[in-house]
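Enquirer: The primary structure of each chain is shown beneath.
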Amino acid sequence: MNKTIEQVTIEADKKIPREEVSTRDSGYGSTFSYLTAHYVVARMNEVFGNCGWDSETVEMRQVGGGDPGKPTAYVAKVRINAIVSTGDGGYMKVVKEGYGFGADKPKRDGTCNNPHEFAVKEAESDAFKRAARQFGMSLGLALYSKEQENVEEPTKILTSNSQPTNPSITITNAVPLQPIAKDADRSGLNKKITAMSKVVIAKRLKTLDELKSDMKSKYNVDSTMALSDAQAGELYGTLETLANGH
Amino acid sequence: MTIPLTYSNYSTLRSCGRRFKLQCIDLVPQPRAVALEFGSAMHAGLHDVLVTHDIESAQDVFSAYWDTKSISGLNWDTERHKQAELKQMGLKFISNFYKKYGKDMQFVTGEKRLKSPFWAAQTIDTIEGTPDALVIWNSKKVLLDFKTSAYNYLDEKLDSSLQLNLYAWLIEQNEGNHIVDDLSYVVFAKGTGSIQTLRTIPHDRKKALALIQDMVEYWDRNYGFYHKNPNACVMGKYVCPYFNNCWKETT
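Residue numbers (our numbering), protein chains in the order written: chain E, 1 to 246; chain V, 1 to 251.
Chain E on its own, in the form it takes in the complex (with noise of 0.2 Å):
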């Protein structure tokens, strides 16, 4: 069963732990951030299901050196084919391309033992990452941001109920102590029910004042303060579904 465009939209758009994220120095005096293939082949398969996509290497081209025991170099080009329901009962092909660059890399003598093994590998992932991160940001693209807001740093916590010795500690998956995530869930919840109200006013949906006027006659409250934690989840969905229907 191939996924919606809809699923594949949300689940490729997904933010990249940093964790996932390698860097090496360009060589040009800065860092280049990259994601290794096994990871992106892992994404694509979440993304599109195990069996909803395949790739080919349409071109692999020697651009250089090569001779016996010199390092060479390789441009290759993948195609990615992906298929995804159209949620009408059709299907649809969705194809994506990309150059890469490989190159081996000399041993300390000047010598290499598989120059054309390495560069081949190195130019076919290339191409292949440059081909995936196309389809959204959990696939690569978010690293062509300088400001990388879609990858997703871990988060912040204090591990004891005293003050942390260093304040900067970080601890990825540790459970955070129930208030502090209560708080920040519900403060983000309200940011995205102002949010989305704004939206539905500027669609022309509804005015502010019928929002407040429907807010009041459901939930008797004024502000969403004082909603319910479960009552701002579901006025946050009443929202949103107003708003995605226009």
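Read the hints as simulated data drawn from the structure, not as lab findings.
We treat Cβ as the ideally placed atom computed from N, Cα and C, and that holds for glycine.
Treat the hints with care, since some could be wrong.
Covered, in the sense of this in silico footprint (three residues per stretch, anywhere, with C-beta under 8 Å from a C-beta of chain V), are these stretches of chain E [what the hints assert, rightly or not]:
#1 136-143
#2 185-194
Distance condition first, Cα-Cα at most 25 Å in a straight line; then the derived PhoX-like pairs of lysine-lysine [as the list claims (entries may be wrong)]:
#3 Lys207(V) x Lys203(E)
#4 Lys203(E) x Lys191(E)
#5 Lys93(E) x Lys82(V)
#6 Lys191(E) x Lys99(V)
#7 Lys100(V) x Lys69(V)
#8 Lys192(E) x Lys228(V)
#9 Lys190(V) x Lys146(E)
#10 Lys146(E) x Lys115(V)
#11 Lys15(E) x Lys69(V)
#12 Lys146(E) x Lys103(V)
#13 Lys92(V) x Lys15(E)
#14 Lys192(E) x Lys115(V)
Not the full set, but computed from the structure, chain E residues with beta-carbon under 7 Å of chain V [as the list claims (entries may be wrong)]:
#15 Thr9
#16 Asp13
#17 Lys198
Knowing the structure of chain E, use the given hints to seat chain V on it.
Expert: Structure of chain V alone, referenced to chain E:
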């Protein structure tokens, strides 16, 4: 009862009478265009940043708008990744605009439908419009219009543009306490996330009235005569969303 005279309706009538009839009179639905939706989402975000002076809040509004299903459901074809790219561009526009200009602007009014009754022409009952924003900027009341464009607008084109002159007239007609001093076009460059032009011109009421007079005359003369403009559909469906309906009707 006639349809309201708005800048958009008038532009459509000028571009092609047949298209005007299909779009504005017969209300033939058309698929919503990506550029149009992007502009709407941007307007929502820019309006918010002028009102709240909070970039994060404005970016939340833009993101919420851009993430709705009405955007995902557009005809992206195989260009789905562009939804994410445009989102990043919109977020940058909002931030760049605020840091460069918006932080010094005080919001007065905007994004409100203004309506003026009009009796001087048989084909017009009301003139209507929704100006983007009237702000106080450098001690002047400046009417803003946000545009997103892949190319540079010529200053002369902006200077002689009817749109802001019409909105200024509507504001002064509707909200008597607001006198518009200057008109300002803010043009965002597609692809870079930067502001490519900010053209501010003094509000010349004499010139504005002459432009509005031309508009009314053109509307009154052409309303009811829905001739097809062959130049407007020279590239067929790639230019006019009503190409197919128009073709059916004429053959």
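Enquirer: Next, verify each hint and record whether it holds.
Expert: These are the hints, each one checked on the structure:
Residues of the stretch 136-143 of chain E with a Cβ under 8 Å from some Cβ of chain V number 3, which satisfies the need for three, so the listed coverage holds. A stretch counts as covered by a chain when three or more of its residues have a beta carbon under 8 Å from one of that chain; for the stretch 185-194 of chain E and chain V the count is 3, and the coverage holds. For the hint linking Lys207(V) to Lys203(E), the alpha-carbon distance of about 33 Å lies beyond 25 Å, and the restraint is violated. The hinted pair formed by Lys203(E) and Lys191(E) meets the criterion: a straight-line CA distance of about 18 Å does not exceed 25 Å.
At roughly 17 Å between alpha-carbon atoms, Lys93(E) and Lys82(V) fall within 25 Å of each other, so this suggested pair holds. At roughly 22 Å between alpha-carbon atoms, Lys191(E) and Lys99(V) fall within 25 Å of each other, so this suggested pair holds. Restraint check for Lys100(V) and Lys69(V): the C-alpha separation of about 32 Å exceeds 25 Å, so the hint is violated. A C-alpha spacing of about 47 Å is found between Lys192(E) and Lys228(V), which places the hinted pair above 25 Å, so the restraint is violated.
Between Lys190(V) and Lys146(E) the CA atoms are separated by roughly 18 Å; this keeps the pair inside 25 Å, and the hint holds. Restraint check for Lys146(E) and Lys115(V): the C-alpha separation of about 45 Å exceeds 25 Å, so the hint is violated. Under the criterion of a C-alpha separation no larger than 25 Å, the hint pairing Lys15(E) with Lys69(V) is consistent with the structure, at around 19 Å. A threshold of 25 Å between alpha carbons decides the hint, and for Lys146(E) with Lys103(V) the separation of about 24 Å falls inside it, so the pair holds.
With a C-alpha separation of about 18 Å, the suggested pair Lys92(V) and Lys15(E) falls inside the 25 Å cut-off, and the hint holds. This hinted pair does not check out: Lys192(E) and Lys115(V) have alpha carbons roughly 33 Å apart, beyond 25 Å. Taking 7 Å as the C-beta cut-off, the interface hint given for Thr9(E) holds, the closest approach to chain V being about 6 Å. Taken as an interface hint, Asp13(E) checks out: its beta carbon lies about 6 Å from the nearest beta carbon of chain V, inside 7 Å.
Checking Lys198(E) against chain V by beta carbon gives a least distance of about 5 Å; that is within 7 Å, so the hint holds.
The structure fails hints 3, 7, 8, 10 and 14 (numbered hints given earlier, in ascending order).
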